[in-house]
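Novice: First to last, the protein sequences are chains X and L.
Under the UniProt record's numbering, the first residue of the first sequence is numbered 1, with each subsequent residue one higher.
Under the UniProt record's numbering, the first residue of the second sequence is numbered 1, with each subsequent residue one higher.
Keep in mind that the hints were calculated from the coordinates and are not lab data.
A portion of the hints provided could be inaccurate.
Identical copies look the same in the list; a pair holds intra-copy or inter-copy alike.
Each computed EDC-like pair below joins lysine to aspartate or glutamate, with the alpha-carbon atoms no more than 16 Å apart [unchecked claim]: (1) K570 x D660; (2) K663 x E258; (3) K493 x D216; (4) K109 x D289; (5) K291 x D647; (6) K256 x E577.
2 protein chains.
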Amino acid sequence: RMIKQVLIGFLCGAAILTVGILIGHYGITQSSSTMLKYPTCYLIKLFFILTFLHRELTKMPHMATTAGDEQTVQIMLKRWQDPKTGLDHAWREEYSVYLSFPDPKNPNKVTVGESAGFCVTFHRQSKKVYTSDQADPEVVQPYAAYSPAGHPKGKLVYANQGTPSDYQLLNNTVDLRGTIAITRYGGAGRGAKAINAAPYGVVGVLVYTDPLDINDGLMSDNETYPHSWYLPPSGVERGSFKSHYGDMLTPYLAAKEETYRIPVENITGIPPIPIQPIGFEDAYRLICDVKMDIYNYEEVKNSSNVMGVIRGSAEPDRYVIYGNHRDSWVHGAIDPSSGTSVMLELTRVLGTMVKQGQWRPRRSIIFGSWGAEEFGLIGSTEYTEQYFTKLSERTVAYINVDIAVFANATLRASAMPSVQNVIFTAAKQVNAPGLDSTSVYDNWIHYSNRSSTTHGTIPRVGYLSGAGSDYAAFVHYLGITSMDLAYTYDRSKTNARIYPVYHTAYDTFDYASKFIDPGFFSHQAVARTAGNVLIRLADSLVLPINCSDYAESLEDYLNTAVNLYQHQLKDWNISMEPLKRAVASFRSAATHLDQVILTIHSSCRPLKVRRINDQLMLLDRAFLNPLAFPDKRAYRNGWPTFPGLADAYANAESSGQASDWDKVHYHLSVLTQAIEGAAHTLTDVI
Amino acid sequence: RMIKQVLIGFLCGAAILTVGILIGHYGITQSSSTMLKYPTCYLIKLFFILTFLHRELTKMPHMATTAGDEQTVQIMLKRWQDPKTGLDHAWREEYSVYLSFPDPKNPNKVTVGESAGFCVTFHRQSKKVYTSDQADPEVVQPYAAYSPAGHPKGKLVYANQGTPSDYQLLNNTVDLRGTIAITRYGGAGRGAKAINAAPYGVVGVLVYTDPLDINDGLMSDNETYPHSWYLPPSGVERGSFKSHYGDMLTPYLAAKEETYRIPVENITGIPPIPIQPIGFEDAYRLICDVKMDIYNYEEVKNSSNVMGVIRGSAEPDRYVIYGNHRDSWVHGAIDPSSGTSVMLELTRVLGTMVKQGQWRPRRSIIFGSWGAEEFGLIGSTEYTEQYFTKLSERTVAYINVDIAVFANATLRASAMPSVQNVIFTAAKQVNAPGLDSTSVYDNWIHYSNRSSTTHGTIPRVGYLSGAGSDYAAFVHYLGITSMDLAYTYDRSKTNARIYPVYHTAYDTFDYASKFIDPGFFSHQAVARTAGNVLIRLADSLVLPINCSDYAESLEDYLNTAVNLYQHQLKDWNISMEPLKRAVASFRSAATHLDQVILTIHSSCRPLKVRRINDQLMLLDRAFLNPLAFPDKRAYRNGWPTFPGLADAYANAESSGQASDWDKVHYHLSVLTQAIEGAAHTLTDVI
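Chain X on its own, in the form it takes in the complex:
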C-alpha cells in the first residue's frame, strides 16, 4: 500500500494550509491534519517565471493560424513536453477552420466626401506607433472578421449601439435605405450591428470605440497610452463579427480535414452587409457621405489546440479541464497572454512535482490551449464536438482563465452556483496582491458582495451567460460545471467597458507591465487562486461541488419569477405550483445529499464515494436535454431568472395572444421537469 503526501501550499501564498492526502491501494483518500507552511522561496520563482513567460508569449503578434500563432504552439509544446517540468503527455490537435482576413494587398478603406465626389481618405492603414510593437509588419490591419467584402457608399447616419430598437427609432425619422450607419461598440453583439441594420436598407456599418465607453471620456493624445492605460485616438478594436460559436462550416461536427462542410451560402449569423471598425479619432471626423472599401476574404486554415494531461492516480477517468485560448488579434498581452502565462506557470509547478514523483492528483487534469478563439471560440468548440461523448461522461469541471488580469483591484468570478464555495475556499488562502494581511476573498467581498440566505454576506459570483469566452461550449453544449476567473477593476475609478486597448495593437507587454499589472502581482494571485481551485477539484476525495448552493440559486430565481409572473399567469389559468414543488424537491434532495456527504469522510468505501461524486459531477447535465429543451437550456443561460420562461413571458405580455401564453405554459413545464430531473439525480440512487 503506497502512501503519498502532497504539498499544495505553493499555490496558497503566505496562507497556512491544512491539506494532506493519502492515496491508498483502493483509491481511498483520507484527510490528515498535517500543517504545511508555504515555502517562500517558491513565491519568488513563481514571480520571475510569470513575467518571463508573459514576455516570451507576447514578442510577436500571434493571430490564429499565422506564423506567430505557430510560434506559440511551439512554446507550449516545448514546455509541456519538457522532461523535468512538463506534463505526462502533450500534443497538438489540428482543425481546418473557416476564418476571415483583410487583404494585405488591398487595405480596407473608409473615405468621406462632401455630398458628391469623394475626396479624403480618412481611415488609417496602420495605427500610430508608440512602441516598436506597433511597427511589427505582422500586425493585422483593423477589420471586422466575417464582414463581407464590398464597396458601399451613402449618407452617414448615427445609429447609437446598433440594437434593433436603435434602428427602429431612427427609421421613424430617417429613411435608412442606402445609408451607412455609424455605431459605437457595446449594447449589441458586433455582428448584430450589421444584421440588425440590413432589413432597413442600410448598405454598410462602421463601429467605433466611444471614449465615453472606454476612456472615461479622455480623448487627447497626451492623456492616452503611452501616458496612461487609455486607448489612443487611432486605436481600433478588432473582433469576430459572427454570432454563433465554433467553426461555421461544420456545425456540431469537429472540423477535421475530411469533415463535410456546408455550402458557404448556408452560413447564418454573419453580417449581410460590409462592416468595419474604426478608431474614435476617425469617427469624429466622419461627416456627410461615406464610402467603404472592404476587401476581406475567407479561407479554411489549419488551427491548433495544444493539449496536455496529468494522469489521475485513483480516478484517471475523471477529468478536470483547465483552459484558455492562445491566439490574439495582435500581440495580445492581456488578451489572452495574461491567462496563457498563468496557465504555463501552473503547469510548470504541477509538472515539476509530477516529474519528481512528489505528487499526482486523484483525477486527471487536462490543459487546453485553444486556437482561433478570437474568431468565435473555434478551437474549444471543435474540441467539445470531437470528444462529445467522452467529455460529457467524464468531466468534473471546466476552469477558464482567459484574460487573467483586466486590472489589479479585485477577483471576479462567474460560475455555476455549485462551485461558488470552492472558489471562496481557494480565495481565502491567497493573499490579495499588495495587501499582506488581506486575502483575495476579503478583498473581493469588499468590492462586490451579496446577501445569501445560507451564508450571509458573501462575494458576488456572476453568471456564465452568453459566449464571451471558451467556457461557452462546455456550459451550453456539454452541460459541464464551469467557471471563469480573473482579476478586474475598481469600478469606482473607471467606467471603461473593458480595458481600453482591448483587441488593438496597443495591447502589448509594455502596456501590461506598465498600466495593468506592474510587477505581475495580480497575475500571481489569479494563478494561486485558480490553481488552488484546480487542485481541490482534481484531488479531493469528495468533489467540492455543492448542490445546496445550487438549490439556493434556484430558490432565488423562483422567487423572482413568482414575483414577476404569478399574478398574471393566474389570469391565464397557468399555475406556478409545479415549479415551486420542483424547486422544493431539489432543495430537499440537496439537503439529503449533503447529509450523506457528511458521513462519507470517515468511511473508506471507494464505490460509495464514487457514486456520490458521480451525482455531483453530473448535476449540471440534468439541465441539458436538447430534444426536451430545444430553445434554451432550462435556466442555464445565466439570467437572474429562468431565461426560457422570461423570454416567453415577455413575448406573451407584449402580444397578448393566447398562443403565446400557451408557450409560457410550455416553458414552465420544461423548466419544472428539468429541475425535477436534476432533483432525481440527487436523491438516493435507488
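Since the structure of chain X is provided, determine the placement of chain L on it from the hints.
Specialist: Same frame as chain X, now just chain L:
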C-alpha cells in the same frame, strides 16, 4: 467483511452452473468454483406458478386505463410488495395520457350497398363467441385507435398494403378521389395506410387481416380457432394507428397531470381520414359502395406503470432494467400476459431470495410493468422522459420481454451486438423446452444462424429496429444497450405474419394453453434465459458487454456500405477512407479494452473495475447526439447497413442532384465522427 454465496441455478433448468459470488466490503467480487446442482423441486414450483400467474392475469380484458387494467396493477403491486416474495420497494407511477376509444353507445359500422342506397350492415358489433371470454362485456369492439370519427362513403378500391407505392400505382388507373380503400395488414404501419391514402383524395380506409398472411391460407370456421391456432373468420386485429411513440400531447416531457399539453390540432402522425380494421370474413363480402360510421373519441386518462426495485449491494447506482407492458387490447393472453407472467415469476424467485437474505445483486434491478403500450409505447416512453438524466447516466442495460412466447420452436433475440454474447452464455445453460439434452442455444442455432468472422457459426441475433415494443425509447431516446427476447415459430411450418389471433378477442388463456405453449414449457425456457441474462448483467464483476462483437458488426456494416456505395461515391469525389479509419480505430480500441479486461479479474481495485464498466455501459451513448445527429441516430436504427447513409445514398441515386450527394457526404461525416467518438470512449481513459 461479509461474504455471501448465491445460487442462481434455479434459472438454469437441469444445467449445471458454476457461479459463486463473493461480495466484499470494498465491493469486490471474485468468482469461486462452487458447483451447484439445480434443485429439481424448484422446476415444478416454477411451472405451477407460471401457469397460475398467467391465468390470473388473463381473467378479464385489461385494456389500458380500464377497470381490468387497474386490476392487473393491483396484482402486480400485491406481489411486488409481498413481505416474503416481493421486491425491496414497489410503487405506481401515474401519467395522464391521450388515448382513443370507440364509443360504446354508437358502435363503429361499415355498411355496403349496391351503388345507390345503402342496405346491409356487415360489420359485426362483436366477434363470434367460442369461449366465454369473448362474451365478456369488457371486450372492446374492434377499432383503430386514433382514427378520427367520421362518416365517409364511396366506391371501394383494393389498395394492397396501403404503402406509398401501392397508392401511386393504383392512382395510374383509378381516380382515387372519394373512394374508400381496403388494405391488408402488413407492409406499411397501421396509421400509415391512412396517411399514405389521404393525399390521393381517399376518404376512408379499411384494414383486414389476410388469411394468406396470418392463417397460412386457411379460412373456414372449422379449420380455425377453437380447432387450431388460426384466426377465426370474424376475428379483428385492433391496434394503435399513430406513428410516433409516447404520449402525443407531451412530446419529450413526462405526461404528468400538470404538464403543458400541445393543442390537439398540432398532433402529427395520426390518420387524417377514418380508418377501421375488419375481419377477413367481412372483407371478402364487401363489394361496390361502402359507408363507414366511425364514432371514436379521444380522452386524456390516467395510465399507470408499476415499478419495483431490488437495491444493488455494491453499485446501487447502476441499473439493469427489465420490463414489459401490462395492458392488452382484450384478454391479451399472449400479448402481453405471456411476458408479464414470466416477469412475475422471475420477481417472485429473486424477491424470495432477497427477502430471505440469501442474495442481493451487485447492481440495482428495476422492473417496469408499463401501461398503455398498445396505444404507442406510452408508459415506457413517459418513464424515460421523466427520468431522462438519471436513466441515461446509470442504466447498464434494458431487457424487454413482451410477448414471451409467439410459438414453441426456438429462441428469438434482437439486441445490440455487444450483448449477443451474454445471451448466448445464458442460452447455453437452459434446456430447450421438450428436449432434455439440447440447450436453448443449440436448438436456436439449428433454426437461425449466421457466420461470424470471430466466432464461426452462431445464432443470428436480430436488430432492434423501429418501435415494435417498449425498448424503443430506451434504444432511440436514451441510447441504452437493449435486447428483446422471446420464443418463436418454426418458419418451415407457418408463414403467419404473427400468431394469428394477435390483438383479437381470441387471444385468451384457453388459446395460449392449447395452441401456443401447452404446459408453458416455452414460458419457462424464456424465464430462465432472460433471468440468467438479467443476473449476469446485474451481478457480474465486469459487465458482460462485449465491445469486440460491436466492432465486428461495424465491420460488417462497413463492408456492405463499401460494396454498395464506394464506386459511385468516388465519382462524386467523396472518400470512404475516413469511415474505414473510424471503424479500424473502433476495432483497435475494442481489442485493447478486451486485453485490459482480461487482466482485471485477478485484481481487486474497485475503481479500476468501475472505470471499465463505465466504458462498457456508456458505449451505446456515443451513438446518440441529437444536435450532431438530428435525423437518424447514426447506425443504430438497426438496418443491416448504416441507415442515415443508406437513406441519403438512395435519395441521391434517384435524384442525381449534387445537393443530394452533398447530403451523402454529410451523413458519412456524421457516421464517421459517431464511430470515432465511440472509439475514444474505449481507448485508455487518459
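Novice: Each hint needs a verdict: does it hold in this structure or not?
Specialist: Right, here's what the structure says about each hint:
no. : hint        : result
1   : K570 x D660 : within (15 Å within a copy, 50 Å between copies)
2   : K663 x E258 : between (41 Å within a copy, 14 Å between copies)
3   : K493 x D216 : within (9 Å within a copy, 90 Å between copies)
4   : K109 x D289 : within (14 Å within a copy, 78 Å between copies)
5   : K291 x D647 : neither (39 Å within a copy, 50 Å between copies)
6   : K256 x E577 : between (48 Å within a copy, 13 Å between copies)
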